[in-house]
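> Use these hints to put chains B, C and D onto chain A, whose structure you have.
Protein chains: 4
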Amino acid sequence: MSSFWQNHIKLSVFGESHGPAIGATLDGLPAGVPIDETLIEEEMKRRAASGKALATPRKEADRVEIVSGLFNGRTTGTPLTGIIRNGNTRSGDYARTKDLMRPGHADYTAKLRYGGYSDYRGGGHFSGRLTAPLVFAGSVCKQVLAAECPGLVISSRIVSIGRVFDDTTLTPEDYETFHAADPMFPLADETKKEAMLAEIKETALEEDSVGGVIEGFATGVPGGLGSPMFDGVESVLASLLYAIPAVKGVSFGAGFDFATMRGSLANDAFVTDGKTVRTRTNHNGGINGGITNAMPIVFRVAFKPTPSIAKTQRTVNLAEMTETDIHIKGRHDPCIVLRAAPVVEAACAVGLLDLLVEMKGVMS
Amino acid sequence: MSSFWQNHIKLSVFGESHGPAIGATLDGLPAGVPIDETLIEEEMKRRAASGKALATPRKEADRVEIVSGLFNGRTTGTPLTGIIRNGNTRSGDYARTKDLMRPGHADYTAKLRYGGYSDYRGGGHFSGRLTAPLVFAGSVCKQVLAAECPGLVISSRIVSIGRVFDDTTLTPEDYETFHAADPMFPLADETKKEAMLAEIKETALEEDSVGGVIEGFATGVPGGLGSPMFDGVESVLASLLYAIPAVKGVSFGAGFDFATMRGSLANDAFVTDGKTVRTRTNHNGGINGGITNAMPIVFRVAFKPTPSIAKTQRTVNLAEMTETDIHIKGRHDPCIVLRAAPVVEAACAVGLLDLLVEMKGVMS
Amino acid sequence: MSSFWQNHIKLSVFGESHGPAIGATLDGLPAGVPIDETLIEEEMKRRAASGKALATPRKEADRVEIVSGLFNGRTTGTPLTGIIRNGNTRSGDYARTKDLMRPGHADYTAKLRYGGYSDYRGGGHFSGRLTAPLVFAGSVCKQVLAAECPGLVISSRIVSIGRVFDDTTLTPEDYETFHAADPMFPLADETKKEAMLAEIKETALEEDSVGGVIEGFATGVPGGLGSPMFDGVESVLASLLYAIPAVKGVSFGAGFDFATMRGSLANDAFVTDGKTVRTRTNHNGGINGGITNAMPIVFRVAFKPTPSIAKTQRTVNLAEMTETDIHIKGRHDPCIVLRAAPVVEAACAVGLLDLLVEMKGVMS
Amino acid sequence: MSSFWQNHIKLSVFGESHGPAIGATLDGLPAGVPIDETLIEEEMKRRAASGKALATPRKEADRVEIVSGLFNGRTTGTPLTGIIRNGNTRSGDYARTKDLMRPGHADYTAKLRYGGYSDYRGGGHFSGRLTAPLVFAGSVCKQVLAAECPGLVISSRIVSIGRVFDDTTLTPEDYETFHAADPMFPLADETKKEAMLAEIKETALEEDSVGGVIEGFATGVPGGLGSPMFDGVESVLASLLYAIPAVKGVSFGAGFDFATMRGSLANDAFVTDGKTVRTRTNHNGGINGGITNAMPIVFRVAFKPTPSIAKTQRTVNLAEMTETDIHIKGRHDPCIVLRAAPVVEAACAVGLLDLLVEMKGVMS
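Chains as they are written, first to last, in our numbering: chain A, 48 to 411; chain B, 48 to 411; chain C, 48 to 411; chain D, 48 to 411.
In isolation and in its complexed conformation, chain A is listed as follows:
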């Protein structure tokens, strides 16, 4: 595995924050699916984040060059690779601070794992920047899913930013018709936007950062996808979602709230109109026994606060083995949750396409 994920769909993500380029290769795609590169661009823009939302301002979204696997606008069925050139990256800055382990980052563990040889500049392969190729791959998978399963939609909404919650409860029908007024800031309850922005702004003023929870969901998913024990929908999606930097919790349906529910409530009663079967409630998030039941797939992803903060922190200088202060320079994103929404959707898209290809084959 490492930076290869492979099941029925295979995905390789490569690159470092300050290297020449980052990218991703998808293999095992069905052939002949039209890919609209403007849709990829849109997803890349969502990830690049707007200054409005107080996230790290970037001049423009990353441009993906597809160097293989696309011919006459359609997938060839052979590996599809997208490459994103890294911009002007001043790496001289990093040598001076490379022995200071940034708290909450992978600096120290990368040292342990790679013996000091990994690219430390800007977090190297651990940088949040590596979510860009993931979003690219996810956008391709979304388009393939849409072609193979008309009506299948993957979306997400922000459930909380710091201490501000949008605790709207959505019914299965709500998920099927969900439409975010602002795709850059998808909320079920638009009135929460202001408080959330205020939370981010306050955090930024304190030179601190804040986390949050994103709810991902997929509607129009065929029933019968997933192969327990180890290839159930939850296992597949969780293994992909935990590849996103800063994710520390993943739950499905009622998730941790299940623990306090009684079985008579938690069990979703089956109902029928004589032709189709649904569940009245959807506490199980569209998944029973690791297999989709055709109800909306619903999951939540907890993001810890961005570890990069301007505030002074204590840490260790690994070269000198002494404790010291650390001041992390640069423009920091006080809240990555907004930019994380397309990444969560991307991970979901890769996973669902994998599960679909398992069932239907690559030639269907």
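None of these hints come from the bench; they were simulated from the model.
Mixed in with the good hints, there may be bad ones.
Each pair may be met inside one copy or between any two copies, as identical chains are not told apart.
[Stated by the list, open to error] With a straight-line cut-off of 20 Å between C-alpha atoms, the simulated SDA-like cross-links for lysine to any residue are:
| hint | residue 1 | residue 2 |
| --- | --- | --- |
| 1 | K248 | R309 |
| 2 | K407 | D229 |
| 3 | K322 | G134 |
| 4 | K407 | Q53 |
| 5 | K240 | A227 |
| 6 | K358 | L252 |
| 7 | K358 | Q53 |
| 8 | K407 | A78 |
| 9 | K376 | R168 |
| 10 | K376 | R210 |
| 11 | K92 | E112 |
| 12 | K407 | V80 |
| 13 | K358 | G162 |
| 14 | K92 | P197 |
| 15 | K376 | S202 |
| 16 | K407 | A194 |
| 17 | K322 | T371 |
Here the structure is a predicted model, which means the values were calculated and not measured.
Then chains B, C and D, alone, in the frame of chain A:
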């Protein structure tokens, strides 16, 4: 994947609740590790659950016959297979109710996935009974881990059962010295036992069931294990934990609580005594950037209430496509959380051994 | 991998020659395919070999107990496991000679690989006996293939035993109608049987052994199977065929003879009747660019002579690090080629089913 | 799998002959290994082939841009990606002939497999051009192997071109000291060069092509590598070697000659000097039971003649479903064997590094 999990360690789990036998094969183990079968037996007993705890009473723990991979009491390095015979299984009972989809179970999704051909008796391959071979495999992996990393201990505690919480906060040092007074009911705060048992008893009287949260942890884990993006510790453990029936949430360290924390709090400051590096706090649960940092690995697993309840429920008769009442017969376990602790530890053991073998190789 | 093979179909083979049992688990099978256990028995008989053919006499074929994955005579879609109990195995004999490395066997390399902990009795996991679970798995796969692709037939013939060759050239049509007069001794030219048996008999009298070549073939295979580069038909089949003990050569179509051919001859011209496309010749053995072209798949497998011979050999006593004579006791099979035919077909069946499931999915 | 190969080392190869770029990603490499890019360049030159040898003249070798995984001249341990830009590729030529299935090529099977959507220009992903990223990956793996196992050398020699054979028999010692006078045309018997060149020249004059056999070998390989059944050295190497276009036969040690040998000859007697163990002969090519025995690994690879020939051939126009003549334009390589030597070595290097990492881990 399906019921094969393979990375550096390979695990295949097979069998159905009412078939002749269930079992598991582990491959990729180092050779020459002594395996104590009485330790396996003890873990099997923990899973079999005691009547005291009000769980389903079973006369005795399942007996594992190891048919390969063990020679003169040591691993051979070739596949290690354990087989557990199923006891007297009256399967006639099931034919009558096979068209009634038990809410919260995999009956309906298995129909979708396997076209009606899966073994429906007692849940077939989806039965909680399939956690027995997982516990067997986990016990072997625990012993291999202990041999390869003296001091590495995998343990767990109950955090909540229904609405009764043991919200004790443990320091890193507490985890390293944790010892459950009652291994069958591991708690940080023993005084919560009575209330938890009362919660289970009350639920049983109501012909209902209740879920809970288990915290798993591992101490003495070497730093530097894990290979992000997709083979980080969180991805590996989550993919295994979600293979356990009824698990609907998995989080690491502060988990979903991270979302409301500020970065300055969430970031675990590094400290040193001049020789070794630790973190003062352990909000990240021993994992930064998907790689172990040698602090205790801490994760939480949310279990939904057992879907089998005696209470009448509404469901669909799939043969007739009509709604109907369903009364699930038999002795039901009102709370599987107690029995789930060794299963959670088993999943953790398989995952950690996999990560260790990746680093050190199978010949170390 | 190790003793797990997994792609779209997953196969785990476990056991040792003198352990309690050997067996195999297949996962990723389509659900609902009827499995006839008498067909499995017949394949097991072919492998068990008849005394007539001068191979090691065994009283009866191994009996497979299917303990999971089969319900009401059909595949469930969850793991299918078959177990074969080992008979009365006198293992005391082996301790005395365990330091004498049998030439041509895996005794010495197993020592290097497993540090002296592998089961040395009768070759342990390296024993030809482990082909029994492979034949079982192959028989299941053959039946699934026949159900999914009516008309697909996997067969084999003996091309040479020692210095006796059946150099009959078969046309594509010949392969499609091939029928062995004696399924236990499949030949294109029946008149070669006597000379081959004489070769075996002579070898046996000399306390020696002899190898041979088997040609495997599959007709009725759909075009379009295989995913180059690394998952082409040749890669998939070769990786499985080389898992058979004593196999040292695998080639496809004209194989090594290609090297001396001119392109104008080697290239199979395409022909059409206006409706379908075929190739006039089939030098490429039904595979172009790693993908099936719907012509018969033809491959050859070279077996080295059985390493166990009665003749005195020189070797090393590893405990004493001295050179010494070795006399291998017991009834030896002077030629395993006859018994290997069903094993070659089994490996082919697993591979082709894997390639089919990749294309059509598990739910087709 | 498809164009992903993954075991302990992971390799993804992407690109098409006439797309913007081709490349490869290696993952699972140990960190900190110095990579000399001039050594990569040299291997790329060997593959690019010299006009002297009558192979397709190319102006210069492909230039690899390493965009990730290399930092300060050493492997980072995270994915290492190399990209090769395709030159001026006139693709207009191809549209006119895209319905004419070139005999011996993958044109027709790619149509079946990818439904007509694969890139047909110059063979697309099936082009021999895709061996360039494989050679790049192999060169990196060679350097890692050399760093981890000082003394390990992978090499190759030409055994035959068309009907001209160099049937020199090499002793184990010969392999250990083998040095090709002309690295571009490696022979054990230099006197065969002229006849081989004449064979190629003659073939070219006839507008035809010719195949050949390459012998690959590796010396200084540690004993104990390989994990049977399915991950034995032969399975691993064969699965990689069969990914090379035009390979139709792979054998180990005596290979197909084993079939006519007696066991007493085929078995390599073990000998010892009291300290180390070797085999007197090396018929088994350094591999017993799928595991290395520290003797030279020796294997042979049969290449069919290049399918592209100038001579008129018969084929099918798939759009019209009629038979027709086909004249393949362009400069054709009458013999790819010379250029294939570094490709064979590359496949071997990837496989051996995989087997080494399995044993020693990625951190050793």
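> Take the hints in turn and mark each one as holding or not.
Hints, one by one, checked against the model:
no., hint, result
1, K248 with R309, "between (40 Å within a copy, 13 Å between copies)"
2, K407 with D229, "neither (35 Å within a copy, 40 Å between copies)"
3, K322 with G134, "neither (56 Å within a copy, 39 Å between copies)"
4, K407 with Q53, "both (17 Å within a copy, 18 Å between copies)"
5, K240 with A227, "within (12 Å within a copy, 46 Å between copies)"
6, K358 with L252, "within (10 Å within a copy, 55 Å between copies)"
7, K358 with Q53, "neither (40 Å within a copy, 43 Å between copies)"
8, K407 with A78, "both (13 Å within a copy, 14 Å between copies)"
9, K376 with R168, "within (13 Å within a copy, 50 Å between copies)"
10, K376 with R210, "neither (26 Å within a copy, 45 Å between copies)"
11, K92 with E112, "within (15 Å within a copy, 27 Å between copies)"
12, K407 with V80, "both (15 Å within a copy, 17 Å between copies)"
13, K358 with G162, "neither (29 Å within a copy, 54 Å between copies)"
14, K92 with P197, "neither (24 Å within a copy, 49 Å between copies)"
15, K376 with S202, "neither (34 Å within a copy, 40 Å between copies)"
16, K407 with A194, "both (13 Å within a copy, 17 Å between copies)"
17, K322 with T371, "between (68 Å within a copy, 15 Å between copies)"
Against the hints set out earlier in the document, violations occur for numbers 2, 3, 7, 10, 13, 14 and 15.
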